[in-house]
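Asks: Keeping the supplied structure of chain A fixed, place chain B upon it in accordance with the hints.
Respectively, the protein sequence lines represent chains A and B.
Heads up: the first sequence begins at 726 in the numbering used here, then just goes up one per residue.
Heads up: the second sequence begins at 726 in the numbering used here, then just goes up one per residue.
Derived from the structure by calculation, the hints contain no laboratory data.
There may be inaccurate statements among the hints.
[What the hints assert, rightly or not] Label pairs and their calculated CB-CB ranges: (1) B:Pro-1234 with A:Arg-788: 24 to 34 angstroms; (2) A:Asp-1115 with B:His-1262: 24 to 34 angstroms; (3) B:Ala-1257 with A:Ile-847: 22 to 32 angstroms; (4) B:Phe-820 with A:Glu-941: 43 to 53 angstroms; (5) A:Pro-1217 with B:Arg-1194: 57 to 67 angstroms; (6) B:His-1262 with A:Thr-1227: 58 to 68 angstroms; (7) B:Thr-1264 with A:Asp-1115: 38 to 48 angstroms; (8) B:Gly-1151 with A:Pro-933: 47 to 57 angstroms; (9) A:Asp-808 with B:Ala-1257: 39 to 49 angstroms; (10) B:Gly-971 with A:Gly-901: 44 to 54 angstroms; (11) A:Arg-1046 with B:Gly-971: 55 to 65 angstroms.
[Claimed, not checked] With a straight-line cut-off of 25 angstroms between C-alpha atoms, the simulated DMTMM-like cross-links for lysine to aspartate or glutamate are: (12) B:Lys-1094 with A:Glu-1122; (13) B:Lys-1270 with A:Glu-778; (14) A:Lys-927 with A:Glu-941.
[Unchecked claim] Derived list of chain A stretches under chain B, where covered just means 3 residues or more per stretch with a C-beta under 8 angstroms from a C-beta of chain B: (15) 780 to 793; (16) 852 to 864; (17) 1247 to 1257.
No residue lacks a Cβ here, since even glycine has one placed at the ideal position from N, Cα and C.
This is what each chain is made of:
2 protein chains.
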Amino acid sequence: MPRLRLALAQTNPVVGNFSGNADGLVAAARRARDAGADILLAGEMALSGYPIEDLAAQPSFLRAAHDAVPALAERLEAEGLGDLVVVVGYPDGPFEPRLLGSSNAPTAVAQNAAAVLQHGAIQARYAKHHLPNYSVFDEYRIFIPGDELLVLRTARPGEPAADVALIICEDLWRDGGPVGRVLQADAGLLLVINASPFERDKDDVRLPLVTRRAQETDTIVAYVNIVGGQDDLVFDGDSVVVDGAGAILARAPQFEEYLLLVDVDPDEATDTPLPEHVARVDITLPASPDPADLARDVAVLPDDREQLWNALVLGLRDYVRKNRFPSVVLGLSGGIDSSVVAALATDAIGADNVYGISMPSRYSSPGSKDDAAELAERLGIHFSVQAIADLVAPIEEQLQLTGTAAENVQARIRGMIWMAESNMHGHLALTNGNKTEVAVGYSTIYGDAAGGFAPIKDVPKTLVWELARWRNEHARSRGETEPIPVASIEKPPSAELRPDQTDQDTLPPYELLDAILELYVTQRLGREDIVAQGFDHDTVFFVAKLVDQSEWKRRQGAIGPKISGMAFGRDRRLPITYRPNL
Amino acid sequence: MPRLRLALAQTNPVVGNFSGNADGLVAAARRARDAGADILLAGEMALSGYPIEDLAAQPSFLRAAHDAVPALAERLEAEGLGDLVVVVGYPDGPFEPRLLGSSNAPTAVAQNAAAVLQHGAIQARYAKHHLPNYSVFDEYRIFIPGDELLVLRTARPGEPAADVALIICEDLWRDGGPVGRVLQADAGLLLVINASPFERDKDDVRLPLVTRRAQETDTIVAYVNIVGGQDDLVFDGDSVVVDGAGAILARAPQFEEYLLLVDVDPDEATDTPLPEHVARVDITLPASPDPADLARDVAVLPDDREQLWNALVLGLRDYVRKNRFPSVVLGLSGGIDSSVVAALATDAIGADNVYGISMPSRYSSPGSKDDAAELAERLGIHFSVQAIADLVAPIEEQLQLTGTAAENVQARIRGMIWMAESNMHGHLALTNGNKTEVAVGYSTIYGDAAGGFAPIKDVPKTLVWELARWRNEHARSRGETEPIPVASIEKPPSAELRPDQTDQDTLPPYELLDAILELYVTQRLGREDIVAQGFDHDTVFFVAKLVDQSEWKRRQGAIGPKISGMAFGRDRRLPITYRPNL
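Looking at chain A on its own, in the form it has when it is part of the complex (with noise of 0.2 angstroms):
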């Protein structure tokens, strides 16, 4: 039977960047043949980066993303490189527009294509039939299906051929989808070109799938996906081939930039005619003397905790790096919150790289102030006082405020600084709010909600102390300093915005509020199903309100600013304007 050396290219693209990435696939392509490889699998829209959203649109984009693809085949074929197959996937078109007769809204007129180049030249193209429109996907709105199955016949000169289908992404996941029909073509070897970003429990599922499919069809399946950061989602990457048994024959590291390599063994091209819409193109493969064998290559993932904090890493190193920030600037209050944003920025860029600015009021304890000094100590990051006391006097005196109106000018004089120092040095200002506190509104709009990007955004906040406490057992398994203070872990969680204020004095205790809002959030559980799942009653319909009409957006009249930050999945997205309960 046929022997193809695959080589996947995790690669990490810069949306819209096509020169940089087509670097990034210029070399992977190198060390692949320097490899002896005979085929490259790059990501879905590796050459673009994903997601483009409304660039699908844009003529002017779709035209530089049409001249990248011959221009990366003529410049493979010229760097030597030819020979190689490399499958890379791009968005095509301007095609007649899908939809609508009479609308003169602008609509989907370009394909979630993969090109299939050797020798200098496209040999084959492929478009995505399914596009999937939940959660954090828009495809259907951007791209137009396609409708054409294909099939390459590979094979060296005078030896015998492996048929080698090709699909991207959710093809792959819709029952009765392409699968099926590659299944009656008969091809021995299926390649998925994917960008499928991380979810917590994402690779439980993920990987099964690949499983499953490939034993349906007793076909090998090649799984390449894209690694990196991309505004609110992260690629975890975690490519992987698996054969008709459902056997792992190799398996990339998740959150980084890799070349994974591995021979497969496809079974041989046979007679049976093609089905309806499906086209075949024949490759003729490297005529490679026997490569060097490949040693085993199967990554194990870490635990679960460990994956969700090199996620929150990566993407927020990928969205200043790719944005170009110099460095990060946050508040830190010695709470929970501030001292994980701080650890995750640490890792992400740098001690050196990292602005750590404590505002302490009258109303903080010595031990908040201690506590942040400690942290910026154990990180080795930059550290610097600014007492807000006279700052915020003169406000509250000539405004005459009170209460919550007063307390908020405590947030917002701390905002305004930490956004003056990154007016000043240029400084990404960094927002320490975590899910739980989004989602109920516990936090002052334009104070302690003010950045440009909120790591820990999608990350409950019990889910922010196991991260705390697993963040230091990891230090202490490696012999280094804990980072995070204990005391930063273990006290009460309070705003110190009055005097021994406390969390809990406004909210349920964070176990169950965490519970209430998964089901409420995630789920989308009505508040009925929720008590029917045993919660008290009036817990969660204080809750329910908090989420849906919080008072925080009617007294103050606004609604929370848009801060870009990790996202893993989307949770639901309502009207603003919207009475449940009338």
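Replies: Relative to the frame of chain A, chain B by itself:
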């Protein structure tokens, strides 16, 4: 030929307020029946409000919708209105999810439906076929398309029947859509229920479409639209009935709740066999005595500027009212933007509910201070003055700020002041930014960009001036005080954050800037495409850079706040991290 009396109910629903929305429909039904109507036609999603976003996937929301439909039918019957045929839109479900075998992602489970109610029960049901997923619409994301058409065979006892087809909104727009099959079914009357948001010049597209469809099918078309503001959108009503020759039989005014009555004479039903996938339901019309003749009711639309002004007023009024704010607060600089927003707010909710604050700094010209006071005087709104010098100085000194960082503190102290007033008194804080300023980032985040609703965020600067002039002319023509001081319209625009600053120190002239933004942001042309139209190369590239990678975003490290505000269509939805120029 049979004569039918139609009543088109242009109601203003609130999303999720099923009982309140039903109240409005019952009131319309009573008026319709009193006027001898046979059929009451309400808008798309008139029972639930529109758009419902991901509420369409929330079981408790769908249950509430599902219960609200028979409840409405029973209530109409109980109130003696059971004879009337009532057509109303609502979300129906949950059904089997449309998408995704293996993925655990939430997906569409509902349909965008219409129910035909009579005699206390649901007599028939239709589900929208074509789900728009462009511009402001995301329906393919949240709904399952319908696949069966509906024809109502309506007759009074002993009289000839008329076939009445029913479709929903986008179904009408799509060439080759359900309208073609309606033609085959030989219906004499086409009912179309809609939730069609206002856009500038939408009336120049929508009425010709309705007319063309009526002519193509030689069928009377009755087109009903909801009215009212919902978050970023405003629905303008403008319901219309057109006969098969394309003549307007009746037209409702824009921007108000209205019951439009019209008599139509559809062709008699024929024995034409039904095409596939078309259901026919028999409906017995009320046995009315001959009702009194109707006066011809054809509204004439005002000119474009007045339409836009009315759209902005209604959008703002409904945002305030539906979110239950008692009042609004805004900063008054004496400039054109805050003057127009204050005038809009006064028209929307009355002078007594509008609070203007002048916040002069050492750089504010005496003219600006006077203009702000004069505006408040002319409008009759509440007015106060808060000088910011003593609040800014301690911050500048303690943080040793210079340049842009110092300028931003002035803007942020102002934002803090109106947010504090909002916190103290419950006002909705308005943001005065216009579309031009938002597009190029010419504002201070957490400063003048702070607030809960931005009435003119989709109005380019040059159009803000036009609106101001129109509003003054409008007042003059009615013998009223011109609301906006002439100086605010005629003086050169300035942020007044440093001595002798004007906007044109930093930006191209607004006429030029708006022309480029129209091409770059709205029409999505690329830089070179715009230059090819004759614009200066450097200016185009400068403006495009402001938009894509605007300096405020890079320097301040923050993405613009998601401010709710009027949007007439949606501009490009773009990645945050994006490098077109590398």
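Asks: Indicate whether the distance between the beta carbons of B:Gly-1151 and A:Pro-933 respects the range 47 to 57 angstroms.
Replies: Holds: the Cβ-Cβ distance is about 52 angstroms, inside 47 to 57 angstroms.
Asks: B:Gly-971 and A:Gly-901, beta-carbon distance inside 44 to 54 angstroms?
Replies: holds (45 angstroms)
Asks: Against the range 58 to 68 angstroms, how does the distance between the Cβ atoms of B:His-1262 and A:Thr-1227 compare: consistent or not?
Replies: holds (60 angstroms)
Asks: Could you grab the alpha-carbon distance between B:Lys-1270 and A:Glu-778 and see if it respects the 25 angstroms cut-off?
Replies: holds (18 angstroms)
Asks: Check, residue by residue, whether the region 852 to 864 of chain A contains three or more positions whose beta-carbon lies closer than 8 angstroms to a beta-carbon of chain B, and give the verdict.
Replies: That given contact holds, which follows from 5 residues of the region 852 to 864 of chain A lying within Cβ reach (below 8 angstroms) of chain B.
Asks: Given the hint of 38 to 48 angstroms, check if B:Thr-1264 and A:Asp-1115 actually sit that far apart at their C-beta atoms.
Replies: holds (45 angstroms)
Asks: Taking beta carbons only, do three or more residues of the region 1247 to 1257 of chain A come closer than 8 angstroms to chain B?
Replies: holds (count 6)
Asks: The hint says 55 to 65 angstroms between A:Arg-1046 and B:Gly-971; measuring C-beta to C-beta, is that right?
Replies: holds (60 angstroms)
Asks: If you check the beta carbons of A:Asp-1115 and B:His-1262, does the distance land in 24 to 34 angstroms?
Replies: At roughly 50 angstroms between Cβ atoms, B:His-1262 and A:Asp-1115 fall outside 24 to 34 angstroms, so the hint is violated.
Asks: Is the distance from the Cβ of B:Phe-820 to the Cβ of A:Glu-941 consistent with 43 to 53 angstroms?
Replies: violated (27 angstroms)
Asks: Do A:Pro-1217 and B:Arg-1194 keep their Cβ atoms within the hinted range of 57 to 67 angstroms?
Replies: The hinted range 57 to 67 angstroms holds for A:Pro-1217 and B:Arg-1194, with Cβ atoms some 59 angstroms apart.
Asks: Starting from the hint 24 to 34 angstroms, judge whether the C-beta atoms of B:Pro-1234 and A:Arg-788 obey it.
Replies: Given range 24 to 34 angstroms: holds, Cβ gap about 30 angstroms.
Checked against the numbered hints given earlier, the structure breaks hints 2 and 4 and satisfies all the rest.
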